[in-house]
Structure formats: C-alpha cells, structure tokens
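> Just so you know, we're using our numbering here: the sequence shown kicks off at 1 and counts up by one.
Worth flagging that the hints you see were computed from the coordinates, not collected in a lab.
Please read these numbers as outputs of a predicted model, since none were measured by experiment.
Mixed in with the good hints, there may be bad ones.
Only pairs whose alpha carbons sit at most 35 Å apart, straight line, appear in this in silico DSBU-like list of lysine-lysine [claimed, not checked]: (1) Lys244 <-> Lys180; (2) Lys177 <-> Lys248; (3) Lys248 <-> Lys343; (4) Lys285 <-> Lys180; (5) Lys285 <-> Lys343; (6) Lys177 <-> Lys242; (7) Lys244 <-> Lys343; (8) Lys177 <-> Lys343; (9) Lys343 <-> Lys109; (10) Lys240 <-> Lys33; (11) Lys180 <-> Lys242; (12) Lys177 <-> Lys244; (13) Lys285 <-> Lys248; (14) Lys285 <-> Lys109; (15) Lys177 <-> Lys109; (16) Lys180 <-> Lys33; (17) Lys42 <-> Lys343; (18) Lys109 <-> Lys42; (19) Lys109 <-> Lys180; (20) Lys33 <-> Lys109; (21) Lys180 <-> Lys42; (22) Lys244 <-> Lys285; (23) Lys109 <-> Lys244; (24) Lys343 <-> Lys180; (25) Lys240 <-> Lys177; (26) Lys242 <-> Lys343.
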Amino acid sequence: MIPENLPTDAIDRIGGTEAAEGFRRDLADWFRKEAREYPWRKTRDPYSILVSESMLQQTQIATVLDRGYYDRWMRALPNWSALAAAPEEVILKLWEGLGYYNRARNLQKTAAMVLRDFEGRFPSSLSSALSLPGIGRYTAGAVLSFAYDMPESLVDGNVARVLARLLALSAPINSPKGVKTLWDWSGRMLDSQNPAVHNSAIMELGQRVCRPSRPECHACPVETYCLSRRHGLTSVLPNKMKPKSPTKRIERVLLAERQGRVHLCQEAGTRRRGLWRLPEVTDEKAADFPELLRFDYSITRYRVTLVVHEAPVGWEPDETDSGAWFPRNSPDSLPALGSPYRKALELYFCPPESLDPRA
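When you get a sec, could you build the whole thing from the sequences and use the hints?
Here is the structure:
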C-alpha cells in the first residue's frame with residue numbers, strides 16, 4: 001500500500017541544505033569509484049553526446065554498444081557537416097534495427113540547423129537547444145550538462161525511479177503531477193558545481209542499483225536519505241499509471257525470391273519514410289499463398305501479428321508496384337528495412353534449426 005502523503009517535513013529535510021549536500025557528495029563519491037566507461041563519457045563534444053543520447057532513447061546501452069551502432073555511426077558521420085550532407089538512405093541504414101527512425105531524421109535536421117543558425121556549434125542556452133528538431137527537455141539538459149557542464153537537470157526513466165523512491169512519491173511518475181514533481185526535485189537536488197558528474201551518477205544509480213525490480217538498497221550510496229527504504233516501500237514504488245491495452249492487428253506480407261534476390265517495396269507514409277519492406281498482401285489474396293512464418297511485434301498502441309506468405313515460383317509484381325529486387329547474400333546488400341521485415345528475412349533465411357520453415 002502506497003501512502004498518499006508522508007509528512008512534508010520529512011520530504012523537506014531531504015531538500016534541505018545539509019541533506020542535499022550530503023546526497024550530492026555521497027552520490028558523486030560512489031560514481032567516481034564505480035562509473036562504467038562509455039565512449040560518450042570520454043568526450044565533451046556536443047555532437048558525439050547528442051548522437052549517443054538519441055540512440056539511447058528507447059534503446060538499451062548494451063544494444064547500442066555491443067552491436068556497434070554508436071561506433072559505426074561515428075566512423076561514418078563524425079561531425080555536424082558529415083551528417084548534414086549524408087544521403088538519407090545512408091543515415092537510415094546506419095540506424096537500421098534501432099527503430100523510431102525519426103530520431104535519425106531529426107539528428108540530420110539538427111545538424112543542418114546547427115550549421116546554419118549556430119555557426120556549427122551546439123547552442124549553449126536551454127531555450128536555443130529546445131528549438132532544435134526532436135530535442136526535448138531531457139536531451140537538452142543532457143547535452144548542455146555533459147558537453148558544457150551547465151547546471152541543467154534532467155529526468156529520464158532511471159532518474160524518475162531514483163527520485164520517486166527517494167521521496168516516496170505516491171503520484172504516478174507518468175502523471176502530470178508526478179512529472180512536475182520529479183522535474184522540480186531534479187533541479188532541487190542537482191549539484192550545480194558538478195552537473196555532468198551528478199547527472200551521469202544519478203542515471204547510473206537508477207540503471208545499476210535502484211533497478212525497477214529487486215533494487216540493491218544495501219549497495220546504494222544514498223540509502224540513508226531514501227524515504228522509501230525507511231518506510232519499506234521500495235518494492236511498490238515508483239507508482240505508474242497502467243497503459244491502455246494495445247489494439248491487435250494482423251499484417252500479411254509476401255516473401256518473393258528469385259535467383260538469390262528478394263522483392264522489396266518502399267514504405268509509404270511518414271513514420272517509416274525512406275525504409276523498405278516486404279510487399280503487403282490482402283487477406284483475400286493471402287489465401288492463395290502458403291504461410292511461411294508469423295510473429296508478433298509492437299508499434300505505438302498496436303500489437304501486430306506479422307504473417308509472412310510465400311510467393312509462388314514465377315511471381316511478378318503488378319504494374320503499380322514501385323519495388324525492386326535485391327540480393328540477399330548479406331545484410332549490407334539490402335537497403336534499410338523496417339525492423340519487422342528485417343526480422344522476417346532473418347528468421348526465414350537464417351532460422352534457428354527448430355524454427356526452420358523450410359525443413
């Protein structure tokens with residue numbers, strides 16, 4: 001049971017001068033000893049930091065690093081000028097698999113705007129940073145604090161969890177009241193003398209110690225300040241509003257293969273603009289084609305079952321089809337694919353033995 005309100009004096013004491021200074025000091029001391037090494041922590045370059053922050057939205061650090069996304073991007077597009085001049089298909093191919101492709105498009109728009117409006121230098125004021133495409137309050141605060149050591153606070157999922165437990169916050173962290181409270185306290189607890197260290201530390205604390213389930217309170221450097229720990233609430237906090245159940249959909253596509261090539265079409269619409277996909281097939285026509293495989297994926301408020309059908313030998317696209325045939329001998333020979341269609345090709349051509357639809 002989450003209490004609606006703890007005594008305000010207990011919460012206020014956390015933000016008092018002595019407690020706040022102790023919190024900042026203990027957090028920073030822990031971070032200096034325990035910080036993990038990431039390539040974007042070895043630089044003060046705003047461009048490198050913005051690329052990392054954009055990739056890490058909706059994507060785990062392990063994915064960005066272990067699969068080489070960050071390194072490949074920085075080798076291919078090392079600065080604002082290279083990114084601004086790059087063809088969109090190059091950008092999308094480098095981003096392929098990370099999803100949410102507007103992040104990549106907004107990076108290129110930002111690069112062009114930095115070169116045009118800010119003399120090639122990421123702006124050093126919050127208001128100017130927020131004027132850049134796709135940059136919200138969190139990303140602006142991250143770049144300004146990490147690159148310029150400016151006293152800008154931030155709130156991401158990890159910081160929200162740490163602060164919600166620290167304050168024993170009863171309001172859902174994804175409610176308007178909860179969001180406002182978290183941003184207020186993020187600013188209140190910020191170490192304005194060492195904002196880069198503080199922001200990195202509190203995010204890493206949430207990632208490694210103050211985890212969503214089974215937080216390691218015994219290893220927490222700021223345990224003594226935590227009201228949730230004191231009142232036995234760490235297992236029920238933070239509180240979150242439950243999302244609505246996703247709408248279920250079925251999507252049917254056709255896998256057509258000819259002499260080692262597969263047929264792909266360009267995406268319509270804006271969400272996946274510039275990407276390629278397997279051609280769609282209606283329910284009526286799909287009845288004529290055998291099913292190869294199916295799997296589920298999520299996108300925004302939908303839970304989609306993707307059903308892949310096999311095109312018959314000699315199949316040809318109709319006259320209205322704007323697609324093309326691509327060699328499938330390696331991932332690099334294909335254009336940038338939407339994640340579900342890339343997965344479908346991987347499952348069909350390189351399946352785990354137990355799932356091989358051709359067996």
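> All the hints need checking, so say for each whether the structure fits it.
How the hints compare with the structure:
Distance restraint check for Lys244 and Lys180: the Cα-Cα separation of roughly 22 Å lies within the 35 Å cut-off, and the hinted pair is therefore satisfied. Distance restraint check for Lys177 and Lys248: the Cα-Cα separation of roughly 31 Å lies within the 35 Å cut-off, and the hinted pair is therefore satisfied. The suggested pairing of Lys248 with Lys343 holds, with an alpha-carbon distance near 19 Å, which does not exceed 35 Å. Only pairs whose Cα atoms come within 35 Å are accepted, and Lys285 paired with Lys180 is rejected, the gap being roughly 51 Å.
A hinted pair counts as satisfied when its Cα atoms are at most 35 Å apart, and Lys285 with Lys343 qualifies at roughly 23 Å. Between Lys177 and Lys242 the alpha-carbon distance is near 16 Å, which keeps this suggested pair within the 35 Å criterion. For the hint linking Lys244 to Lys343, the alpha-carbon distance of about 27 Å falls within 35 Å, and the restraint holds. The hinted pair formed by Lys177 and Lys343 fails the criterion: a straight-line CA distance of about 40 Å is larger than 35 Å.
Taken as a hint, the Lys343 and Lys109 pair is honoured in the structure, with Cα atoms around 29 Å apart against an allowance of 35 Å. Among the hinted pairs, Lys240 with Lys33 is consistent with the structure: their alpha-carbon atoms are about 32 Å apart, no more than 35 Å. A distance of roughly 19 Å separates the Cα atoms of Lys180 and Lys242; the hinted pair therefore holds under the 35 Å criterion. This hinted pair checks out: Lys177 and Lys244 have alpha carbons roughly 19 Å apart, not beyond 35 Å.
Between Lys285 and Lys248 the CA atoms are separated by roughly 21 Å; this keeps the pair inside 35 Å, and the hint holds. A threshold of 35 Å between alpha carbons decides the hint, and for Lys285 with Lys109 the separation of about 41 Å lies outside it, so the pair is violated. For the suggested pair Lys177 and Lys109, the alpha carbons sit about 33 Å apart, so the restraint of at most 35 Å is met. Our distance criterion of 35 Å between C-alpha atoms is met by Lys180 and Lys33, whose separation comes to about 32 Å.
In summary, the hint linking Lys42 to Lys343 is supported, as the alpha carbons are separated by about 34 Å, within the 35 Å threshold. A threshold of 35 Å between alpha carbons decides the hint, and for Lys109 with Lys42 the separation of about 25 Å falls inside it, so the pair holds. At most 35 Å may separate the alpha-carbon atoms for a hinted pair to count; Lys109 and Lys180 meet this at roughly 29 Å. Restraint check: the Cα-Cα separation between Lys33 and Lys109 comes to about 38 Å, which exceeds 35 Å; the hinted pair is violated.
Restraint check for Lys180 and Lys42: the C-alpha separation of about 32 Å stays at or below 35 Å, so the hint holds. For the hint linking Lys244 to Lys285, the alpha-carbon distance of about 33 Å falls within 35 Å, and the restraint holds. As the CA atoms of Lys109 and Lys244 are separated by approximately 33 Å, the hinted pair is consistent with the 35 Å bound. Between Lys343 and Lys180 the CA atoms are separated by roughly 39 Å; this puts the pair beyond 35 Å, and the hint is violated.
Distance check on the hinted pair: Lys240 and Lys177 sit about 12 Å apart at the alpha-carbon level, within 35 Å; holds. Note on Lys242 and Lys343: the hinted pairing holds, with a Cα-Cα distance of about 29 Å set against a maximum of 35 Å.
Violated hints for the displayed structure, listed by number in ascending order: 4, 8, 14, 20, 24.
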